[in-house]
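Chain residues, written in single-letter form:
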Amino acid sequence: MNDARVRTGKYFMHGDHACAEGALAAGCNFFAGYPITPSTEVAEHLAYRLPKVGGTFIQMEDELASMAAIIGASAAGARSMTATSGPGLSLMMENLGLAVMLETPCVIIDIQRGSPSTGLPTMAGQSDVMQAQWGSHGDYEIVAYAPSSPQETFDLTVLAFNVADRFRTPVILLGDEVIGHMMERVEIPAADEIVLWDRKRPKSSPGNNGDYKAFLPDEDDLVPAMAHAGEGYRVHFTGLTHDELGYPAMDADTHHKLVTRLVEKIRRNADEIIRTEEIYLDDAEIVVISYGCTARSARRAVREAREQGIKVGMLRLISIWPFPEKQITSLGEQAKAFIVAEMNLGQISREVERFVSQPVTGVHHAGGAMIPPEPILEEIANCQRSIANG
Amino acid sequence: MPQATTVDKHPLDEIIREDRMPHIWCPGCGIGIAMRCYAAAILESGIPVDNHVVVSGIGCTGRVAGYMDLDSYHSTHGRAIPFATGLKLANPDLMVTVFSGDGDLAAIGGNHLIHAARRNVDIKVVCVNNFNYGMTGGQVGPTTPYTARGTTAPYGNPEQPFNLPSLVGASGANYVSRWTTLHVRQLKQDILASFTRPGFNFIEVLSPCPIGFGKSNDIPDGLEEMELYRERCLLIDNGEVDLDVLSIDLREDKPIYIGEFVERDRPIFECVKVNE
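Protein sequence lines, in the order shown, are assigned to chains A and B.
Quick note, the first sequence lines up with residues 16 to 405 if you use the numbering used here.
Quick note, the second sequence lines up with residues 108 to 383 if you use the numbering used here.
Only chain A is shown next, with the shape it has when bound in the complex (with noise of 0.2 Å):
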């Protein structure tokens, strides 16, 4: 393999390692991490790849300074990363709100392992699915996206970084243990097929009378563009709730309109972030809804399911947050059953729910084990048994 930034081939490939690569491919320059299984592989691989192309590694002291530290790099106009697991995750919580409430792009990648708590170091999970969403304190949307695949995990955290400078916020990659140790194909494509997205930024020259706010934002997709440190625009970013121009303002109403406008940035520009995967879903009665490594056994299930005859398909969340509700909501006008098939205990299957109202039964394992494709199978004759007796 060579030195270049983007390291097109094709190749046999681990999924952190994946991973790592697909975020030199899109131009990630600032990594800061803390070692935890089952990431570490990521920070290893940046740790020797990223001085290569002028790019900067730090290992930080914790996860709070990794978090704290890729967002001031942000601030700098880096596009910067850090990589976790779940204990990571939780400590990196604090600083995903300053994120949020900075707006400043980054990127969170963690490899789930079995949890709560210590847990399973070694051994997966996707039972941080929740916390993605609702782990820092109030109200936010956040992106996250989970691959199937070490190709996906490549593909997934390119686009991560380019939603996360799109709406200049903060974006996960939700991976498992099964894909980030997985050694599979992987290519990468040339460096000009690679498309890279824009942060948005300031259109006046800076100047104590230019007109930019740094907090100001476009009426159509609402996000501000994004002045960067040094550049004399003389910014003030801050965690307290702030006016368009970022002073802390103390009142109610800043407060509901700038929290209104960070969740509503993503619900808006939803269809532009979501990734979904449709299999058969043409004439399914019955829907198994899956992501992650799981969905690699639901794939299976689903297609064993069919050549018997049982009309099922299966939508894959490529992305889980946003949530696509709007798809869910119309399948729930075609189908009679819905099935979730992931490793925690029914994380997505309360979000299915919430949007459908047919039965939705859930596969669930809390982890530490892959969920094979029979229970799912199995799930799958149950919901059709249960639809032939009416």
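It is worth saying that the hints were derived from the structure and are not from the lab.
The model shown is predicted, which means the values in this text are computed figures rather than measured ones.
The beta carbon of each residue, even a glycine, is placed where N, CA and C say it ideally should be.
Treat each hint with caution, since some may be false.
As the list claims (entries may be wrong) - Simulated coverage check for chain A against chain B, where a stretch passes if three residues somewhere in it have a Cβ under 8 Å from a Cβ of chain B:
1) 71 to 81
2) 92 to 106
3) 127 to 137
Said to hold, decoys possible - Label pairs and their in silico Cβ distance ranges:
4) B:375 to A:208: 35 to 43 Å
5) B:345 to A:274: 52 to 60 Å
6) B:351 to A:210: 57 to 65 Å
7) B:109 to A:262: 55 to 63 Å
8) A:271 to B:351: 50 to 58 Å
9) B:125 to A:137: 53 to 61 Å
10) B:218 to A:133: 15 to 23 Å
11) A:258 to B:112: 29 to 37 Å
12) A:233 to B:358: 36 to 44 Å
13) A:226 to B:112: 33 to 41 Å
Keeping the supplied structure of chain A fixed, place chain B upon it in accordance with the hints.
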């Protein structure tokens, strides 16, 4: 007849956000004095104002970032140093100063403080030490003297305080000093000098907090504490100092050592570059 002159602009207006005045600090507080020294040092530095960046944490001193007309970042409680570290490494041309309080930097941010000193990352830290948590109303903190009173230690502080210069010096900072808000010339000169002293610079500034700390510890107004600094401060100017003697108890009749305690030339943290 002497003529009254009208001054349209204060010399520091160029780098103070006038539209953010009045500030939140109490009468007798020393934070504004320390901020003024920083502002004056910036204007004298010869470094373009737009290259200066200030990062603060949370608390009374944390509000400094909001008042300086610079690129200014008011981060989370205790995290100003790692935030500043990211900023500096992403753009090494910037002159990055962290301005925050003792509770922010040494309690909730204590781990970051010692690790940044160990790394000897090239940022400047001005730590205003007022011996308590002022913004939340006078609770004891990591620098509150043993047995001093605070709202969370109504019977006296049962804990021993940090000696900050000793802590940061032992951790590896290139430069450690201490002044008080009475020593405005020395403080301004020291901040100014820090801009050309490579590596992690830590400047502790003792400050009155008559409302938070003073009133429960028999130093009820700011001027009285300034008087106490005037009487008791002892300048160490030979560069030889036992860091252990630097602990402070304002209530004891013994010297408060000020001056430059550590100046050395350890390697500075720089991100690794590999050219092949």
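Comparing the hints with the structure gives:
1. 71 to 81: Since 9 is at least three, the answer is holds.
2. 92 to 106: holds (count 3)
3. 127 to 137: Violated: only 0 residues of the stretch 127 to 137 of chain A have a Cβ under 8 Å from chain B.
4. B:375 to A:208: 35 to 43 Å: holds (40 Å)
5. B:345 to A:274: 52 to 60 Å: Given a distance of about 56 Å, which is inside 52 to 60 Å, the answer is holds.
6. B:351 to A:210: 57 to 65 Å: holds (60 Å)
7. B:109 to A:262: 55 to 63 Å: Cβ of residue 109 of chain B to Cβ of residue 262 of chain A: about 40 Å, so the range 55 to 63 Å is violated.
8. A:271 to B:351: 50 to 58 Å: holds (53 Å)
9. B:125 to A:137: 53 to 61 Å: For residue 125 of chain B and residue 137 of chain A the Cβ distance comes to about 57 Å; the hint holds.
10. B:218 to A:133: 15 to 23 Å: Hint holds: Cβ distance 20 Å, inside 15 to 23 Å.
11. A:258 to B:112: 29 to 37 Å: This hint holds: roughly 36 Å between Cβ atoms.
12. A:233 to B:358: 36 to 44 Å: violated (57 Å)
13. A:226 to B:112: 33 to 41 Å: holds (34 Å)
Hint check: violations occur at hints 3, 7 and 12; the rest are consistent with the structure.
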